[in-house]
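Protein chains in written order, with this note's numbering: chain E, 1 to 241; chain C, 1 to 319.
Keep in mind the hints are simulated off the structure, nothing from the lab. Hints should not be assumed to be uniformly reliable.
Unchecked claim - Quick list of simulated restraints, FRET-style, between CB atoms: (1) E:PHE170 <-> C:THR13: 27 to 37 Å; (2) C:GLU114 <-> E:ARG76: 43 to 53 Å; (3) E:LEU222 <-> C:ILE63: 47 to 57 Å; (4) E:SER2 <-> C:GLU114: 18 to 28 Å; (5) E:SER2 <-> C:GLY55: 30 to 40 Å; (6) E:VAL106 <-> C:GLU114: 34 to 44 Å; (7) E:ASN197 <-> C:GLY55: 40 to 50 Å; (8) E:SER18 <-> C:GLU71: 33 to 43 Å; (9) E:VAL107 <-> C:ILE63: 50 to 60 Å; (10) C:ILE63 <-> E:ALA182: 51 to 61 Å; (11) C:THR13 <-> E:LEU113: 51 to 61 Å.
Positions of the beta carbon are idealized from the N, C-alpha and C atoms, including for glycine.
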Amino acid sequence: MSNAGVIFRREFAAYFNSPIAYIFIIVFLVLNCGLFMTPFFLAQLADMRDFFGNLPLFLIFFIPAVTMRLWAEDKRSGTFELLMTLPMKSSEVMLGKYFAAMAFYVVALLGTLPIPIMLAMLGKPDLGAVFGGYLGALLLGGLYMAVGIFTSGLLRDQISAFILGMLACFALFLVGVPAVSATIDGWVGGFGSFLQNAFGLMPHYQALQRGVLELGDLAYFLGLTAVFLVLNAVWLEGRKY
Amino acid sequence: MIEVRDVTKRFGTTVALDGVSFRLDKGEILGFLGPNGAGKSTAMKIVTTFLAPDGGTVSVDGIDVLRNPLEVRSRIGYLPENHPLYVDMMVHEYLQFVGRARGLAGDELRRRLEWVVEACGLGSVFRKPINELSKGFRQRTGLAQALIHDPEVLILDEPTSGLDPLQIIGIRELIQGLARSKTIIFSTHILQEVSPVTDRVVIINGGRIVADGRIGELERAAMGRNRIFVAYRAPAAAAEAALRDLGGLHEVRPVAGRDGAARFEVRADFGQDVLAPLGRLGQSHGWDLLELQESPFSLEDTFIALTRQGAVPREVSHV
Ligand SMILES: Nc1ncnc2c1ncn2[C@@H]1O[C@H](COP(=O)(O)OP(=O)(O)OP(=O)(O)O)[C@@H](O)[C@H]1O
Ligand SMILES: [Mg+2]
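Use the sequences and the hints to build the structure in full.
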């Protein structure tokens with residue numbers, strides 16, 4: 001098994017070693033499906049627009065709750081020293097942890113699959129939009145997850161890591177909201193638009209949600225995710241000095 | 001095997017290590033001593049590549065810790081001072097995890113697991129969750145983790161802290177058993193633990209090495225002179241005056257003794273025979289000799305003398 005694979009295996013199992021994992025997944029499913037079902041029955045629309053539309057806000061709470069333990073827990077117990085003296089690169093340890101958290105999120109997402117299956121049986125949903133929506137959910141989650149693992153490293157305490165992660169994700173969300181960027185433009189001319197274009201995630205996410213697959217949107221999510229992972233790796237190396 | 005040269009390490013304004021140097025040959029065991037906050041753990045973290053030194057060089061088996069940390073790590077088994085345990089795992093899961101992370105697999109992993117479980121006495125808790133273990137078993141699980149890949153070098157930060165006397169003996173015997181094949185550094189606060197395991201010690205205080213050598217040499221070097229206890233059945237003042245007249249004694253100090261006994265602690269140069277003159281002194285005055293013994297300084301006395309801030313000038317140290 002690869003080095004990152006060994007870490008992945010342990011971290012993924014760790015999620016399910018505690019009842020919190022199951023609570024997280026149940027909360028994820030109940031809230032998302034509940035939020036989705038209400039308009040679904042009221043408006044009789046055979047699509048998942050509302051479900052995916054809710055995600056950027058909902059994941060701001062959910063993802064940092066998943067990532068908060070990733071480094072903070074190791075730093076609080078003595079295991080951080082164990083991990084950082086294993087004969088593997090710190091970036092391998094980080095990737096193992098990152099993908100374990102992603103796998104946990106994917107398990108939660110898989111739990112929502114009955115929705116599109118039901119839709120397909122009841123009506124004719126736009127499958128392109130459903131596929132685009134899931135891809136967007138994955139990329140969005142991946143970005144928040146990278147932000148979350150980075151902020152988890154900065155702090156020793158899980159709750160602080162959760163709050164910091166939430167604030168960072170919220171900032172990424174906010175700068176992409178037109179009303180916010182317009183306000184910032186009002187303070188410093190053009191700066192709000194710049195932030196929105198460079199970092200704002202909503203335009204990219206909404207494009208995917210419509211089922212439009214463009215390189216620019218993929219590059220945004222993957223690129224910004226990579227930036228936070230690299231920041232995390234730099235922090236891991238820098239901490240020695 | 002381990003070479004630490006002129007290492008400095010600062011945390012903000014705290015100087016944790018200030019020009020630390022020592023070396024250790026293959027197969028040697030080193031007792032690493034020092035009061036709280038002396039810099040023991042910091043030095044060990046640098047040898048294990050967890051921290052980088054601010055200045056100076058460290059190499060393990062000729063490999064520089066900054067240039068090739070992964071090679072260094074693969075040669076080292078490390079027990080950090082805080083238990084490096086995942087309490088949500090069972091003992092066997094945890095040891096398997098560390099084994100795999102250290103590149104073991106299949107039959108080899110199974111053999112090594114069996115070995116460490118036997119060596120560390122973990123048989124009875126092998127399938128228990130770590131958060132249900134007592135402190136002693138946690139410590140042993142940590143030790144097992146450090147041994148799983150059969151490393152050439154062991155760095156053990158207070159391996160016996162918090163253990164009961166029987167468990168301390170168990171760990172000591174384990175270290176003794178490993179001694180033949182491995183190079184070991186262990187830190188401790190309990191000085192009596194050192195001499196049964198090794199006679200090579202390094203004492204560190206305030207981030208500086210204040211002594212490095214064999215226990216016996218250090219005891220003499222640190223205190224400068226031999227210490228003798230003598231007691232006569234005699235009037236205290238007369239005995240003290242007679243001792244001061246005797247010559248060859250550097251210091252005469254009355255100390256508490258049995259009723260009717262005048263008891264003194266005296267100092268003399270090493271190699272100088274003072275026992276015979278002290279015996280004759282009693283005879284010539286008609287005093288019964290109640291006690292006469294050389295009482296070499298213990299590691300404890302040495303430790304206290306060397307680590308009491310400013311008590312001992314640096315020249316005295318054996319560096
Ligand atoms: N991460 C850190 N940040 C700031 N200061 C630190 C850090 N680690 C150690 N120090 C300081 O460095 C000095 C040496 O600490 P170290 O842990 O190496 O001592 P020690 O000899 O292991 O002590 P003990 O016997 O109590 O374990 C202390 O003054 C300590 O406060
Ligand atoms: Mg220490």
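Verification of the supplied hints:
no., hint, in the structure
1, E:PHE170 <-> C:THR13: 27 to 37 Å, "36 Å, holds"
2, C:GLU114 <-> E:ARG76: 43 to 53 Å, "32 Å, violated"
3, E:LEU222 <-> C:ILE63: 47 to 57 Å, "37 Å, violated"
4, E:SER2 <-> C:GLU114: 18 to 28 Å, "25 Å, holds"
5, E:SER2 <-> C:GLY55: 30 to 40 Å, "36 Å, holds"
6, E:VAL106 <-> C:GLU114: 34 to 44 Å, "37 Å, holds"
7, E:ASN197 <-> C:GLY55: 40 to 50 Å, "46 Å, holds"
8, E:SER18 <-> C:GLU71: 33 to 43 Å, "36 Å, holds"
9, E:VAL107 <-> C:ILE63: 50 to 60 Å, "42 Å, violated"
10, C:ILE63 <-> E:ALA182: 51 to 61 Å, "58 Å, holds"
11, C:THR13 <-> E:LEU113: 51 to 61 Å, "57 Å, holds"
Hints 2, 3 and 9, counting from the list given before, are not met by this structure.
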